[in-house]
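Trainee: Spelled out from the first residue to the last, the chains are:
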Amino acid sequence: VSTQSTWGLYFVEEEMVKKFKWYPTEDEKKPFTRKSKAKKKPVKARKGLVPGAVCIVLSGRFKGRRVVFLKMLPSGLAMVTGPYKVNGVPLRRMNVAYLLVTKTTISIDAAAKEAASFDDKFFAKAKETKKPEEEKLFAEGAQGKKLPENKKEAQTKIDKPIVEKLEKVMKQYLASRFTLRNGMKPHEMIFQSLTQNINPSSCLPLFT
Amino acid sequence: MCIRDRVSTQSTWDINFSKEQMGFKRFVEAGRVAYINFGEDHGKICVIADVINNNRVLVDGPTLGVSRQVISLRRIALTDFVVKVPKGAKTRTIQNAISEFGLIKKWGETKWGNKVATHAKRSKLNDFERFQVMVLKRQKSYLVNKEVAQASGKKVHKKKTVKKESKQLKPNAINSLTHTHTYYPVSYTHL
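So the sequence lines, in the order shown, correspond to chains A and B.
For the first sequence, this note's numbering begins at 393 and goes up steadily by one.
For the second sequence, this note's numbering begins at 26 and goes up steadily by one.
If we strip away everything but chain B, and leave its shape as in the complex, we get (with noise of 0.2 Å):
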C-alpha cells in the first residue's frame, strides 16, 4: 500500500461528493486484486475477499496459489484489476470469477506482471544463460543508443568490435531480440 493510496486532495464531506471524485484510483474492496509484497505468498497475486479492519484483510486466491487467509494491508500492494465478488466470497465463487475475468492472462500482460515473471525468471538462471542474457543485452543497447544517437543527429560511435557495420541489419535479427524472450518487452519503434 504506497501513500498514494492514501492521501485524498478533496473534502469527504462535499453533497456531491463521489467515489470517482477522490483522489485515490484503487480501493480496498471485496474483488480487488492485490499483489502480496511480503511474506511467504511474495510475488503472488491474490484477492480481496472481505475486509477486516483499517489494516487487515481476508484474502484468497484459489488458482493463484494463495490460501484463504488474513493478510495486513502493509504486505499488500493493490493492482487496477477488479473481479466482481460479493463481499465475504467463498473460495469457490473467488475462482469462478478469476476464470471468467481472465485474471492470470490480464495479469501477465501488464507492465507488473511483466517485471514479476521477468525477476522469477531471472532469479532461477543458470550461469550460461545468465551469460546469454548478458550478451543480449549489450546487443540491444548498442541498437538502441545507435538508433538513439541517429535520431539526435549525433555521430555513431564505430564499435571497435564490429567489423561490418556496413552491411544492413536484417529485420530477423531485430524482431529476434524483441519478441523471443520476454525479458525484454521493448519496441523501440518509438523512437
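If we strip away everything but chain A, and leave its shape as in the complex, we get (with noise of 0.2 Å):
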C-alpha cells in the first residue's frame, strides 16, 4: 500500500482492480533466485597449507584426526589422505575452512606426483539412476555400496609412497586424535611455530 496522498493510492488500487479479477488465497511462494549473480571467490591462501603439511580435521566424521595434505582441488577443496594404514581417513575431499593447519610437514614427493592426476571429478558421487523403491529393495545381488576398485588402487597408489617413509613417531602422531584437556587452552597453542627440533629419532620407542 503506497504512503502517498490519497488521490495516488486511489490510482494505485484502480490499477490494481484493473489487473486482477480474483487474488488467490494464500501468498504464491517465489523460488528464490539472486538477483547479481554471485561469483565463486577462489580460495584464500592457507598459511602453511604447503603439500605434505599435517593438519587437524575440526569438523566432520572425521574430525580430530591428523591427516596428510596433498594438493588443492580446482573446486577450491583440499585434497587429503591419513594415509588410510595408518589412521583409517581415506583419500578424501575437505574443506580447508575445517582444517588447522600445523608446521608439520612430511615428504610426500612420490606420493605428489600420483596425486597431481587427480580431479574433482574422481571425488564426486555418481549420480544413481532414479529407481522405484521397491524396485531397489528386490533388485538381485543389491548388496550396498561397495568402494570401486579405482579408488582403492588410488589410495594404495598414493599411500604406499607416504608411509615407506614415515618414522615410527610420526605414524604415532598421525594415528592419535587431537583432543582437548583440562589446562589446555587453544587460544594459547600454537600451530604454525617449530621453536626447536625434537629429533624424533632420539626419542627412542621403549616398547616395540
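Hints are supplied without guarantee of correctness; some may be wrong.
[Claimed, not checked] Think about it this way: if two alpha-carbon atoms lie no more than 25 Å apart in a straight line, the pair counts; the simulated SDA-like pairs of lysine to any residue are:
1. 136/B with 112/B
2. 495/A with 48/B
3. 162/B with 580/A
4. 560/A with 164/B
5. 436/A with 582/A
Honestly, the hints are just simulated from the structure, not real lab data.
Taking the hints as your guide, dock the two standalone chains into a single complex.
Mentor: Printed below as a string of C-alpha cells:
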C-alpha cells in the first residue's frame, strides 16, 4: 500500500483492480533467485598449507584426526589422505576452512606426483539412476555400496610412498587424535611455529 | 614476596640480635636477585639496585632483558642469589657484577630457573612437539611407577601395550629420557 496522497492511493488501487480479477487465498511462494549472479571466489591462500603438511580435521566425520594434505583441487577443496593404513582416513576432499594447518610436514614427493593426476571428478558422487523403492529392495545382488576398485588402487598408490618414509613417532602422531584436555587453552596453543627441533629419532621407542 | 619473607619469629630488640638470627633468609637489599612475577617483564630475573620505600624498589637487569625501572615489591619474588653491588649502582656496574657472578648460568642450574625455562619452552611448542612430550611423559611415568612398585615389593602390572616385557631395558634408552630434554630434570636413581 503506498504512502502517498489519497489521490495516488486511489490511482494505485484502480490499477490493481484492473489487473487482477481474483486474488489467490495464499501468497504464492517464489523460488529464490539471486538478483546479482554471485561468482564463486577463489579460496584464500592458507598459511602453511603446503603439500605434505599435517592438518587437524576440525569438523565432520573425521574430526580430530591428523591428516596429510596433498594438494588443492580446482573446486577449492583440499585433497587429503590419512594415510588410510595409519589412521583410517581415506583419500578425500576436505574444506580448507575445517583444517587446522600445523607446521609439521611430511615428504611426499612420489605421492605428490601421483596426486597430480587427480581431479574433482574422481571424488564426485556417482549419480544414481532414479528407481522406484521397491525395485531397489528386490534388485538382485543388491548388497549395499561397495568401494570401486579404482578408488582402492588410488589409495594404495598414493599412500604407499608416504607410509614407507614415515618414522615411528610420526606414525603414532598421525594415528592419534587431537583432543582438548584440562588446562589446554586453544587460544594459547601454537600450531604454526617450530621453535626447536626435537629430533624424532632421539625419542627412542622403548617398547616395540 | 611471600609471607615467609615477612614473618619473623625472633624479637628484634634483643641486644645480640643478628641478621642470621632472623627468621628471614632473603632480604630486600641492593644486589638481591629478584624474579619478576607480574607485568611486562614477567618471567625474568633482575637485580635490586636500591630500595625506595616499603613497597617499591629500583630494579635493573642489563643482560637479563629488564630495563632500569621502579617496580613494586608485590610484583617480585626474592631469590637466593645476591650480587655484590653498592646501593644505587648504575647499570654498567650491575652488568659487570652479573657477568662476574655468573648469574645467568647459576640461575639456569636452579630448580626454579629450570622450571621457568621449561614453562617458556612448553608454551611455544608445536602440535607435533606436544605429542612427543606426551609420549615421553608416558614412557617416563611407566618406568618410574615400575621402579616404585618393585621397590615397595608390589606386583608390577603388565601393560597390554608392552609386548616384550622380558627384554631388559637398555641403559641408553633411560639416559636419553633423562638427559636429552631439559623438561625432565629427573633422576629416579634415588628410588
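Trainee: Of the numbered hints stated previously, which ones are contradicted by the structure, given in increasing order?
Mentor: 1 and 2
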